[in-house]
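Asker: Chains as they are written, first to last, in my numbering: chain B, 1 to 112; chain A, 113 to 228.
Watch out, some of these pointers could steer you wrong.
Below 25 Å or equal to it, Euclidean Cα-Cα: the simulated DSS-like pairs (lysine-lysine) are [as the list claims (entries may be wrong)]:
(1) A:K223 to A:K117
(2) B:K57 to A:K168
(3) B:K57 to A:K223
(4) A:K180 to A:K227
(5) A:K180 to A:K168
(6) A:K220 to A:K168
These are calculated hints, taken from the structure and not from any lab test.
Fair warning: this is a prediction, and the values are worked out from it, not measured in the lab.
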Amino acid sequence: KAGVTQTPRYLIKTRGQQVTLSCSPISGHRSVSWYQQTPGQGLQFLFEYFSETQRNKGNFPGRFSGRQFSNSRSEMNVSTLELGDSALYLCATSSGVGETQYFGPGTRLLVL
Amino acid sequence: DQQVKQNSPSLSVQEGRISILNCDYTNSMFDYFLWYKKYPAEGPTFLISISSIKDKNEDGRFTVFLNKSAKHLSLHIVPSQPGDSAVYFCAAENMNYGGSQGNLIFGKGTKLSVKP
Chain B
1 KAGVTQTPRY LIKTRGQQVT LSCSPISGHR SVSWYQQTPG QGLQFLFEYF
51 SETQRNKGNF PGRFSGRQFS NSRSEMNVST LELGDSALYL CATSSGVGET
101 QYFGPGTRLL VL
Chain A
113 DQQVKQNSPS LSVQEGRISI LNCDYTNSMF DYFLWYKKYP AEGPTFLISI
163 SSIKDKNEDG RFTVFLNKSA KHLSLHIVPS QPGDSAVYFC AAENMNYGGS
213 QGNLIFGKGT KLSVKP
């Protein structure tokens, strides 16, 4: 099976811009979670989608949003970028409750 | 407040010896624990997990021990190999929360270096 795919792998944006990141899950996986990794805060949960519905949300401002499509692919959007949004954004997918999450390679976002 | 803590940022071990990585948690609602390994520029790779109804789970060279009363888990790697050099993350979740799984709470990781 192909693994979790994330695009783009690297991205440079400037403050105030917005960005959209994409995650394609492993075939058959319907749950997609997003995480932010920074040196200071480590890996932090952003939100989780299952069957196009957001089921769980972490403690991030409303500038961070996401969605999931009928084919289980997911996108996350960050509006009005701030310098502190520079991070590695990881998505993880699973087939559902009780199943292990598998991570993609991540998208490294640099905000200048 | 960190709910999952890995108090050792780094660990250095000789090849062939045992590596022991530790993790403490504070939330008694956590009922499922996982270890992930991460190489630079890659996403975390799942290693091994344990449910709170067990106290030990073994997979090849990797064994995870859970002490619920102490809210402590550890990952043992025996024997350690240079290819095991990576950052290891401990993660925990409450599988029964809202029926969803997505919310893994991670520790900040321990960088393991296995020297030849």
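Asker: If a hint holds in the structure, say so; if it doesn't, say that too.
Answerer: Structure-based check of all given hints:
no. : hint             : verdict
1   : A:K223 to A:K117 : holds, 14 Å
2   : B:K57 to A:K168  : violated, 31 Å
3   : B:K57 to A:K223  : violated, 29 Å
4   : A:K180 to A:K227 : violated, 32 Å
5   : A:K180 to A:K168 : holds, 11 Å
6   : A:K220 to A:K168 : holds, 23 Å
Taken one by one, the earlier hints fail for this structure at numbers 2, 3 and 4, listed in ascending order.
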